[in-house]
Each structure stands twice: as structure tokens, then as C-alpha cells.
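Trainee: Chains as they are written, first to last, in our numbering: chain A, 6 to 695; chain B, 2 to 120.
Since the hints were derived computationally from the structure, they do not count as laboratory data. We treat Cβ as the ideally placed atom computed from N, Cα and C, and that holds for glycine. No false leads were mixed into what you were given.
Beta-carbon label-pair distances, calculated as ranges:
(1) B/VAL99 / A/THR445: 34 to 44 Å
(2) A/TYR479 / B/ARG10: 34 to 44 Å
(3) B/ARG10 / A/SER465: 51 to 61 Å
(4) A/ASN396 / B/VAL99: 46 to 56 Å
If you want the building blocks of each chain, they are given just below.
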Amino acid sequence: MNLPFNDLISQRKLEFTIFSVVLILIFKIVFPLQTELIVIAINEIIVFSVIYFGFLTSSNYTQLKKTSPISLVVNAGILNAILFFLTAISSSLFDAIPKLSSSVNLIYTFFSIMITLIFIASIAYIFSVFRELYFLRVKTESQKLYDSMIIFFTLAFFSAMIPDTEENPNFIALTFFVVSIILISLNSFRVSWIAFLPKKQKLYILLISTVLSTLFSLNFALSFDESFLNQLLVNFSPGLHLLYRTIMIYGAIYCGIIFFTSLFHLPTAEAFDRKAEEASSLMDLSKLITQVFDFRELADTITSLTAKVCNSDSAWLVTMDKEQLKLSSVSNIGFVEANEITNIFASEGILSAEQFIVFNKKQVKIHIKNDIRTFDFSALAVSPLKVHNENKGFLFAARKENFGFDEDEKKSIEAFADYAAVALENAKLIEESIEKERLTSELNVAREIQYKILPNETPSCETLDVSAFFIPAYEVGGDYYDFFQLDNNKLGFVIADVSGKGISAAFIMAEVKGIFESLSKLIESPKELLIKANKILSGSLEKKSFVTAVYGVVDKNSGKLSFARAGHMPIYLCRGTKAQQIIPGGIGLGLNFDETFDETLKEETIYLENDDLIVLYTDGITEAKNVKFEEFGYERLEKILCSGNFRNIEDLKDKIINKISSFTDGNSQYDDITLVLLKWKSNNKPSGVN
Amino acid sequence: MADFNVSTREVGSIKIIDLKGYLDAHTAPDLEREFNKLIDSHNYKVVVNFDELKYISSAGLGVFMAYVETMRENSGDIKFSNMQNDVFNIFDLLGFPVLYEFFKDETEAVNKFNQTERS
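So that you can see chain B by itself, here it is in the shape it has in the complex:
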């Protein structure tokens, strides 16, 4: 299948994971590795940028479910941003918006993190 790419950047104290291509059962381990690295380095505030993600399968969704608890327990979170409509529809049907925060733009998500820190 088509490629998948995951990379991490930093905006202040918040980590941004950029996803690119197709996230399915075969590429999900790459994303898991990225999350494991963040947890190992005690980074619990994560924004996942979906700007270039074309497709996500149930196994891909499972990755966020597997890590969100750890993040929240350590007063962090996983927030989603820049999602294309069809990808958002998948999240929406599953009811993710009830459980996770979605933002149109990455900076909004970052700001949200910073706000909660200040308050």
C-alpha cells in the first residue's frame, strides 16, 4: 500500500506529531514507536497534525486509544488538528469528538494546552 510517514516536532513544551499518507494495521507500529519515544522522554502533551494524512484504519485509531490514558494520567493529552473532512468523518462516526479534542488548526490546539497550563 501507499507510504506512511510520521515525524515529531516541538512547539514550546508541546510535541507535534505530523502524519502523512496511509495509517493502517501495517503502519500503525511506526506511530506507536513515536508515542513510546515521547513517553520515555516524559512528553505528555501531544498534538497530532493530520494535515497530510489521507486515510486511517481502525488499527490506526487504536493507537490513540492505547496512549491517551497515559498522557492524561500525566496531566497531558492527545489533541487532533488539521483533519481533512473524510478523515474526520471516520473519527466522528466512532464518536471520538466526545472523547478527544479536535481543532481546525495546530496552533489552536497548542494554545489550548498553554491555556490550561496557565489556569
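Excised from the complex, chain A in its bound form:
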């Protein structure tokens, strides 16, 4: 209800209350006996304001206890008991004073003020309790009915000052009072909060409401007595006496309704409790799913909640990985036992990826070591964990005693299974993304190693043009090429391809670089060098790893080229318009570590002629694939080499790159691509003359 000066009043409730109490104190001392209507009216207004502000002040406290309606009811009950106690004491100690006007003195006045203030405080507090309860869990609009009840309370309060005699009864006050009672009855049905109480509290409130409605009724009945206390109240303020009566009947009716409501709610209390628990645990679970990435922790929560909510003795969760069942979590059952039972179920073929299965009375015999244990389940439910129509495992719930699972319990087991499936999927996705991240960073490391290993520039001289290019694949392929300036004006060169991919290939590559770099300074013969390299690698290469390589030496003075091939791609010698494959014998490094390697390896020697072109490459070129999975192959490479349609080797290099990239056209590159071109420019003759 919106009243004027709401803000001011709500801020200074206590001050207003104290002020009006002081006011009534002074007023009562000045006018101990009121007979004139105007004085009574003023008196009533002051009393009303005391009640009103008192109500506002106590609302402060009752609002704090909104979450525990039981304690509110208990508070009201205690005050009510005090009122009853006062009434009872006073009527047994004092008789009604026959002639009030003569016996009113200062002591009486103080006494009456004290008593009345207790009454006012109690009424205000009880009423604010009712108000809190009324608006507790109210969903529908009901303010109007409540407001009109308050209005009639007020009307009844003020009409009570109209003199009420036997021959001329106060019908107005009576009418308002009756209407108030009707409105009270209507408003008292707002007791939905009872439904939300746990079973224990329902029982408790049932008991309290019995006592309370009796007390309220007694107080109400006693307010009609010709007792000293009633006389005192009426004399103090007729409106207060009527309001007291109204509140008492309100209490009696309200508590009566609370009693019946909680009584009717009792049979369903257990089911309601379980539903509430299920709802809150599902909520907790969905929170967990988004917060906890550790599947084990989630699995433990799921099994323990399943056991709790579904009233089962034990529950366990089995996950399925590559058709393999794995017990993830157990609740109230041994790990070994749960595992055995699951295996028996799996071997009997009862585990269905499609259906939720429930057994009533199921006996399982399990063997643990030499011991046979029998499990007699009165109910056992198995729910598949399904995500995107794929089964991820099973959730088991078992009960040893009592009856089978009811529909609700079955549904919640299924719900928990669904949650478990989602959690499992989540955990898997997260794991995958972590793995992917790890791979990416590993790839970056591998690529960095590779770039550091490859030479920054190609060594060219008057008689020899050298060009090289390298295109890394997404996954590092292990290609390597290098040049070594040797004594006697000789140039050593190597091209190699390490088997496998990624970081392991990159590490072998680094080792290979070290070997070639040091051996090139020591051994002149390519064949001897490769044999030595193979021996060194025998100590470090994994069984399944190998390295193919071509190592050669060019004499920059004479044009004498000698080289050996260890399992690598054919070498091209382009002379004029002819491209010739040269394949000297030799097996890959790391394939064999005995004499077979040495015996098979052949060294080739060529005396280069002017404009001779030596082409070295890795299988990344010949095996480059287009969208139809066709390989680039030797022929396409040879065609470019033989075309003669290039100015110099840089131009040739660009042509080869372009040809390969237009061939693969958007198809991803699976392997590193490396190309090394050496062009001999005849002794002392400037190039381009021939």
C-alpha cells in the first residue's frame, strides 16, 4: 500500500514510533478519562499511529526472517502466549472496576499505558508476521484483496469509538468488523509457502499451528469477557480493543488454515522433498559441468547424487572407450565388485546402448579371487550415456532392499545419465583441444628447429650457380639441405630427407646436420662420408627411422662432380634438352648397419660441361598431390627441366614452384618440398656465349 510520506516514514520508523509513544503518554496523563468525542478521536488517531509505526518498525525484523517462515510463526506464537498469560493473570488477580471514573489515578494511568504498549507491540509484530507470510512465495496479484482488508481494519478501528450501548449498539463498527473477518478468511488461504517446507518442518508447523490457533481462539474469546484487562483496553482505546480482537481472530483463522494445509501436504511431503532435492542437485550438476573439466571429479558427483536422489544403495559409472568398458566412479560399492558386476552384465549381453533397462530382483554372483560373492539386488537400473546417438558408457543404480524403482526415480537416473554423457563429451572435447594446442606448439618448435638448421644463403661463384628453395609442410617433414665450403676450392652439398614428421624428424635433422657438417671437413669421398654417417647414426636412430641423402662434392676449378646416394630420389643431370636420371646404388641411412650398406653404396663421378644442370630434390616434389590425388611425378618435373625455357636457374626455380603450386591448386601440402639446383658455367667462359 502506498501511503504519503512513504520515504520519510520508512527512514525514520523508530523515531516516529517513539515520538507517538511519548505523545500518547502525555496525552493520557492530561486526559486520563475521556468522555468527549473529540478527545477520544484524537486519542484514537495517536493510538493508531503508534500501532502503525510499531508495525512498520517490526516489519524490519520480520523481513529479515523471510527465509524461515517457521521462526516467524514461532515468534508470533510466543507473543501470543504472552498476551494470553497477561489476560489470564489479570483476570485472576483483578476484578473489573465497577466505577472506573472514580478510581482512575496516576498509577492506574501508568499501569494501563504499560499494559497497552505491550499489547500494541504484540499486535504490530504479529500482524507484520502475517504480512510476511502472506507475501511469501505469492506469484499471483493479490495486493487488492489484502489492501481492502487493511482498509476495513482501519475503518473498524476508528468506528469503534462510536458509543456502544445496549439500546443503541454500534452497528457501524460491527459491520466493519464482520467484513474484516470475511476478508481475513479470504486472505488466509495464502499459504503456498507450506508446500516448499521440508517434511520435518511441515510436521513441526503442524504442531505449532495447533497450539497457536487454540491460543488465538482463546484470546479472541477472552476479549469478550467483562474482565479488568478488557476494561482497561477499551478505556485506553476502543479501536485498539477491536483491532486486538480482529488480529486474534485473524490468527485463529490463519493458523487453522496453516494446520489443515500442512496436514494435507504431509502425505506428499516426501515426494516433494525428493523432487526439490533432485532439482537442486541437477542444478548443481549443470553448474559443475561448466566449471569442472576433470571428468573423474564429475563422475564422482554424478554417482553420489544418483545414489542419493534415487534412494539407491549404490551407483557406479562406466565409460566406454574404443569398445572397452572402464569403471570411472563408484558410490557405496567396492571398485572391484562394481567392475565384476559390470563385466558380468557385459558378457551376458544385457547392456544395451539404446535402452534404459530396469531389473526387479536381480541376483549377481561374482568371483573375486577364490571368493564367490552374491549380490541380491531388489532393483537395478542401467542407463546408457548417449551423446549424438553414440553410446559413451553406462550409469548403474542398484538397490538392495525395499521395492523397485518408481517412475520418478527411473526418470532421474536417466537424467543423471544424460548429464554424465554431456560431461563426458565436454571433458573429451577439452582434452582434445589441449592436445591440439600441444601439437601446434610442438609443430612450431619443430619448424623453428628446421629453419635454424637450413642455410641462410646459397654459395655461388663464377663457375657455379647455386639456387635452392624449401617450402615447409604444415607438419614438419624433415627435409634438409646444406652446402659446405671445403679446401682446395671445392664445394660440398647435401640433400636429405628424414623419415617421419614433426618434432622427432626435426631432432634427427639436427643430428644429421651435425654429422654432415663435421664429416665434410674430414672425409673427401662422398661414399666414405655416407658410410661413416650411417655408422654414426646407427647409435642414435630408432629402428623405424631412416634418412635418405645425396652427398656430393664439386671441384669449382675442374668441374669434377662426385656424389653418392643413400636411398634418396634420383639425381637429374640436364645436358642440353635432355634430363637424365642418375641413380647410383645405395640404401637409405639407418636401414642397415652392416657391410651390406657399405657394399651397396656406389659413388658416381661426372665431369660437368658448360650449362650442365644438377637437380636435387625431395619426394615432396614428385609426390605433391592435386585434388584428384594424382602425383606431380617425374614426368612433369622433367618436362620443365628439358624445356630450356628459362633464363637462369633462379627463373627455373620460380617456374618449378609455380608449376607445382598450380598443379596442387589449393590441395594441402603433405610433405616438405626441397629443391637444390646447381648449374655449371664452363671454365673461364662467361655464361651466355654458348
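We have chain A already, so just place chain B on it with the hints.
Mentor: Relative to chain A, chain B alone:
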């Protein structure tokens, strides 16, 4: 990439591994698993039939290198058969024919095993 399939059959006491599709770094573990199974069951005489294999990468070649020693130590071997030309070229360039036995036909490889057993 395209599919890869590996399956094992038996001809007498000799195991035949049939390869199909593309054998590369990603599919090589499937073949490794197959070899591990053979070793676990003490089968050391293996013929690998390449009839339907379209492509083999260096990682695929590595699988044979990793297991051949075990087979030979247990008086068995890995022999290759029915290889298509382009696949054989890869083996050939690497020098595999020096170290392994290649046969045009699977039965030749099986016979070779049986001969050595008799002799």
C-alpha cells in the same frame, strides 16, 4: 586423407597382411598394431600383400624396419608381394630389395617360407 585398411589372413602357418589405400604417418599405427598382435601370438612368418596399397610414406616404410628384426630373430621374416610399380619404386630407391625379399605373387612368398622350412 584417403582411407587405409589393414587385415590379416592365414595361409598355413604363414600370416598374410593385406594393405589397402594410403599408408602414411597417420595410418602407420594401425599397421603397427597388426604386427604387435602377430608377435604377441608368436607368428613371425609374414607376407605383406601390397596389391591394393596406393601409396606408402617414409613413416609407413619405417613400420617394416621396426619389426623385421624381431621376425628374423625368431626364424621368421617379412616378405613383400604383389607390389604395384610406383610403390615398388619407392622401396627400390631406398634400397629395400637388398634387405627384403619381394615377390610378384603372394603364393611365391608363401612357397619361399615353406621351402626354407623344409630345407
